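2 protein chains.
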Amino acid sequence: MTNTPVAAYEPPYYAAIFTSVRTEQDSGYAETGERMQELVQDMPGFLGYESARVPGGIGITVAYFRDEASIRGWRLHAEHAAAKERGRAEWYERYTLHIAKVEHSHEWVAGGGR
Amino acid sequence: MTNTPVAAYEPPYYAAIFTSVRTEQDSGYAETGERMQELVQDMPGFLGYESARVPGGIGITVAYFRDEASIRGWRLHAEHAAAKERGRAEWYERYTLHIAKVEHSHEWVAGGGR
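Protein chains in written order, with the numbering used here: chain A, 7 to 120; chain B, 7 to 120.
Here chain A stands alone, though its shape is the one from the complex (with noise of 0.2 angstroms):
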């Protein structure tokens, strides 16, 4: 879980969305996402991410990079390979992945910049 929104960046980068419903399976699940947090952030290109989930329903994961190179990096990642076949097997029900390039961005702040 992330409490700010990703920062607007200049287009064109790319977002990874990942959309899913957990299991019951909890077992190494927040240790497993926070190792992933830490290793996404060395990564090549990886802008940042933000995720929410609702108690009992979805959760919505979107990280940001520079490219595709960097998104590919990311993906063959062994550690993240591994732990995507753990979440296959234990903690997801199901998922949607939606690759996408940013071509327009903005963000806004009340008050105009606190």
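No distinction is drawn between identical chains; accordingly, a pair holds when it is met within one copy or between any pair of copies.
Once the Cα atoms are required to be at most 20 angstroms apart in a straight line, the calculated DMTMM-like pairs of lysine to aspartate or glutamate come out as:
id: 1; residue 1: Lys90; residue 2: Glu113
id: 2; residue 1: Lys107; residue 2: Glu74
id: 3; residue 1: Lys90; residue 2: Asp48
id: 4; residue 1: Lys90; residue 2: Glu37
id: 5; residue 1: Lys90; residue 2: Asp32
id: 6; residue 1: Lys107; residue 2: Glu16
id: 7; residue 1: Lys107; residue 2: Asp73
id: 8; residue 1: Lys90; residue 2: Glu40
Keep in mind the hints are simulated off the structure, nothing from the lab.
No experiment lies behind these values; they were computed from the predicted model shown.
Given chain A's structure and the hints, the job is docking chain B onto it.
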């Protein structure tokens, strides 16, 4: 809030990723959200929408559309525009919007199709 991931449609299609932090003002928020959900479903090219919010933290809503024309139609919808204005005045502390063209997608379901 929604309970099922939107399907992985055949690319290309568009995603509008709206990430926000709320104020503490709730008046009219839920009703307006429900009204927007009704309206967007009637927009030509609308594919689906998913939403999750961390209590006291960020919310992520992703709406999917077939093409740029349909996303523009929704942006210019008068009642939606009025809701956004009220959102900035009352309901949102900050938000970021990313408009992105989905190039790849896939979905996975435990057991292969329950």
